[in-house]
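Protein chains: 2
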Amino acid sequence: MSRDTQSGPEGLRDAACRGDRAALARVLSMVERGGPDARAIAAAMTRLAPTRAPSQASPAASYTVGITGAPGSGKSTLTNALLGVMRGRDERVAVLAVDPSSPYSGGAILGDRLRMGDHALDEGVFVRSMATRGHLGGLAVATPEAVRVLGAAGYPWVLVETVGVGQVEVEVAGHTDTTVVVVNPGWGDAVQAAKAGLMEIADIFVVNKADRPGAAEAQRDLERMLDMASIPEAAWRPLVVQATATSGAGVDAVWQAIIDHRRHLETSGQLAEQRRQRARDEIARMVAARLAERSREVTSGDQAAELAEALARGETDPWTAADELLGL
Amino acid sequence: MSRDTQSGPEGLRDAACRGDRAALARVLSMVERGGPDARAIAAAMTRLAPTRAPSQASPAASYTVGITGAPGSGKSTLTNALLGVMRGRDERVAVLAVDPSSPYSGGAILGDRLRMGDHALDEGVFVRSMATRGHLGGLAVATPEAVRVLGAAGYPWVLVETVGVGQVEVEVAGHTDTTVVVVNPGWGDAVQAAKAGLMEIADIFVVNKADRPGAAEAQRDLERMLDMASIPEAAWRPLVVQATATSGAGVDAVWQAIIDHRRHLETSGQLAEQRRQRARDEIARMVAARLAERSREVTSGDQAAELAEALARGETDPWTAADELLGL
Chain A
2 MSRDTQSGPE
12 GLRDAACRGD
22 RAALARVLSM
32 VERGGPDARA
42 IAAAMTRLAP
52 TRAPSQASPA
62 ASYTVGITGA
72 PGSGKSTLTN
82 ALLGVMRGRD
92 ERVAVLAVDP
102 SSPYSGGAIL
112 GDRLRMGDHA
122 LDEGVFVRSM
132 ATRGHLGGLA
142 VATPEAVRVL
152 GAAGYPWVLV
162 ETVGVGQVEV
172 EVAGHTDTTV
182 VVVNPGWGDA
192 VQAAKAGLME
202 IADIFVVNKA
212 DRPGAAEAQR
222 DLERMLDMAS
232 IPEAAWRPLV
242 VQATATSGAG
252 VDAVWQAIID
262 HRRHLETSGQ
272 LAEQRRQRAR
282 DEIARMVAAR
292 LAERSREVTS
302 GDQAAELAEA
312 LARGETDPWT
322 AADELLGL
Chain B
2 MSRDTQSGPE
12 GLRDAACRGD
22 RAALARVLSM
32 VERGGPDARA
42 IAAAMTRLAP
52 TRAPSQASPA
62 ASYTVGITGA
72 PGSGKSTLTN
82 ALLGVMRGRD
92 ERVAVLAVDP
102 SSPYSGGAIL
112 GDRLRMGDHA
122 LDEGVFVRSM
132 ATRGHLGGLA
142 VATPEAVRVL
152 GAAGYPWVLV
162 ETVGVGQVEV
172 EVAGHTDTTV
182 VVVNPGWGDA
192 VQAAKAGLME
202 IADIFVVNKA
212 DRPGAAEAQR
222 DLERMLDMAS
232 IPEAAWRPLV
242 VQATATSGAG
252 VDAVWQAIID
262 HRRHLETSGQ
272 LAEQRRQRAR
282 DEIARMVAAR
292 LAERSREVTS
302 GDQAAELAEA
312 LARGETDPWT
322 AADELLGL
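Respectively, the protein sequence lines represent chains A and B.
Residues in the first sequence are numbered from 2 upward in steps of one, following our numbering.
Residues in the second sequence are numbered from 2 upward in steps of one, following our numbering.
Treat the hints as calculated values from the structure; they're not laboratory data.
Even glycine gets a Cβ: it sits at the ideal position worked out from N, Cα and C.
One thing to keep in mind: the hints can contain errors.
[Stated by the list, open to error] So these bits of chain A aren't anywhere near chain B, every CB distance computed over 10 angstroms: (1) D212; (2) R213; (3) G215; (4) R225; (5) Q243; (6) A250; (7) T317.
[What the hints assert, rightly or not] Chain B is faced by these chain A residues, among others (derived, beta-carbon under 10 angstroms): (8) A23; (9) R27; (10) A280; (11) D282.
[Said to hold, decoys possible] Simulated coverage check for chain B against chain A, where a stretch passes if three residues somewhere in it have a Cβ under 8 angstroms from a Cβ of chain A: (12) 40-48; (13) 140-149; (14) 307-318.
With the hints as extra help, turn the sequences into a complete structure.
This is how it looks when you write it as structure tokens:
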């Protein structure tokens, strides 16, 4: 096998799937970078498909858990504590730390190693930052592809931790199988969560830092808000769990809540339906991104400038000009 | 000539250009309606072009004055008072009252007649409401086309009055040759105007209801804000004019400010450049609207659903799926 083949998309994919962590990191960098690199990886991943059972979700599809909440609520600490609990149960876990505001991209390797803490030498854990910005589709396109890669590389669980609570983060965290929203005692007014768009996407609320005063009140406020939401009988009612991630107290209960929610999704048929819907959304986003790219291309050239002159002179109309630019 | 030809786009266009007000109203309804009707009218307008002088802006292109500001600032009253001043100088004027929030479309004839007041029987004035919503491109597409029609129908001045101060209104009012922003005494904090995005688009500020206390302070606040904006020597510094539209006081000065701004744009070459830029923007909006339409089409069909299933099974990737849907 030539050097080129080994380091090309197929070679990297094979190495990543065999457990080569450096290869996996390089594959994820390509996904993060977007454009032709990301496309080459996506195509290489697809070519694995014929070996799988037909007409069912890919057996390699990871179960994804989104972890989101206001800055300072302790998302990272909770993620690390969850890692510990999951490793204690022999689950292989990858973490995608999604940070649209970060100036870093390409892995932030040092930061990731520091973050991994106790898990730095653990082959069953893989931690990765994503800061993809400014290219076709951005994080909303890169994240699901990274999840597919991690699934193929042997991580059946992926925790997707988001850093901010902007629209992108809510979107990314909301496109996971289970969404955990982290709040704090005294974080108080549940209206804040509603404002940030977190109520709609939460499957589990974790009242983190529960050793501080006000944890019971925060839980009660959330339960009351859920009461008011009048959730249908058969639907999932979000669980509210108190935890103190720094000491590990309550993190077992968070893990159990995730398991409970997963079982609910699986037995109700919602998991398959949600994943179908997410796949539809993913394709729609890609179509929109491709068309936006095309829009930029056709409206920035000489032909566009000439047609604008013609329109200003009354010699064409916007419909005809748009058709000409689009080659219709 | 058959009845069909008379009532078709070309026949209506000819009648509107001959001064038939009912025909002009029908043409504007077609523009407002959007879609195939608007396109047919646009094409009919273009076919007038060969009779015009080449390589210059259409001689029929109207000069447009946008009139915008917060609800209750007295935009309509000022527009009507301006109409009076302009008719006193024998200028033929059309008014487009743009209201994206109105449930009415198709002309709101009765309201328009009431609004016209003293000008209801005046052939030199044409008033029209536009409430185009929910179709390709909306008001941002319909308004420039309506202006072209009014120009061809013999109205060299078009006042574009917007009803709200949402993004659409700012966009519509900002796409005119001269933009008048109406404020009130005690409207006070210039920050409000800045927040609404009005500072950037104003060529003239009218402190309306200047018979109330605080008019001089409002003028001073605006002038101070303009001082802070450090406008380059050669650029236009927005004029601030006090007026009381209900009594007509100061409306002559508003008209003079419009004339001064127009002369500045013409002598500096900015008018031609702005119109070229607006034509480019107009085509870009149409391209974006056409592509958004296409995106909705391709992502809503059976093929999209099948590709989503394939993606969920790992048998395709988003890039390939998008390409297939777009026929690329």
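Tested hints:
Consistency note on A/D212: stated as away from chain B, and its beta-carbon is indeed over 10 angstroms from all of that chain's, at 42 angstroms minimum. The beta carbon of A/R213 is kept farther than 10 angstroms from every beta carbon of chain B, the shortest such distance being approximately 37 angstroms. Distance to chain B confirms A/G215 as a non-interface residue, since its nearest Cβ pair spans about 35 angstroms, more than 10 angstroms. Taking the minimum C-beta to C-beta distance to chain B, about 35 angstroms, the non-interface status of A/R225 holds against the 10 angstroms cut.
No Cβ of chain B comes within 10 angstroms of the Cβ of A/Q243; the nearest lies about 35 angstroms off, and the non-interface call holds. With 10 angstroms as the threshold on Cβ separation, the claim that A/A250 sits away from chain B holds: the shortest Cβ distance comes to roughly 38 angstroms. Its closest Cβ contact with chain B, about 6 angstroms, brings A/T317 to no more than 10 angstroms, contrary to its assignment away from the interface. Because the smallest distance between the Cβ of A/A23 and any Cβ of chain B comes to about 23 angstroms, over 10 angstroms, the interface hint for this residue is violated.
With a least beta-carbon distance of about 18 angstroms to chain B, the hint placing A/R27 at the interface is violated under the 10 angstroms criterion. Contact between A/A280 and chain B, as hinted, is supported at the beta carbon level, the nearest pair being about 4 angstroms apart and thus within 10 angstroms. Proximity of A/D282 to chain B holds as hinted, the smallest CB-CB distance being about 9 angstroms (cut-off 10 angstroms). Requiring three or more residues with a Cβ within less than 8 angstroms of a Cβ of chain A, the coverage given for the region 40-48 of chain B holds, as 5 such residues are present.
Check on the region 140-149 of chain B: 4 of its residues sit with their Cβ under 8 angstroms from a Cβ of chain A, so the three-residue criterion for coverage holds. Figure legend: the region 307-318 of chain B, annotated as covered by chain A; annotation consistent (10 residues with Cβ-Cβ distances under 8 angstroms, at least 3 required).
The structure shown violates the earlier hints numbered 7, 8 and 9.
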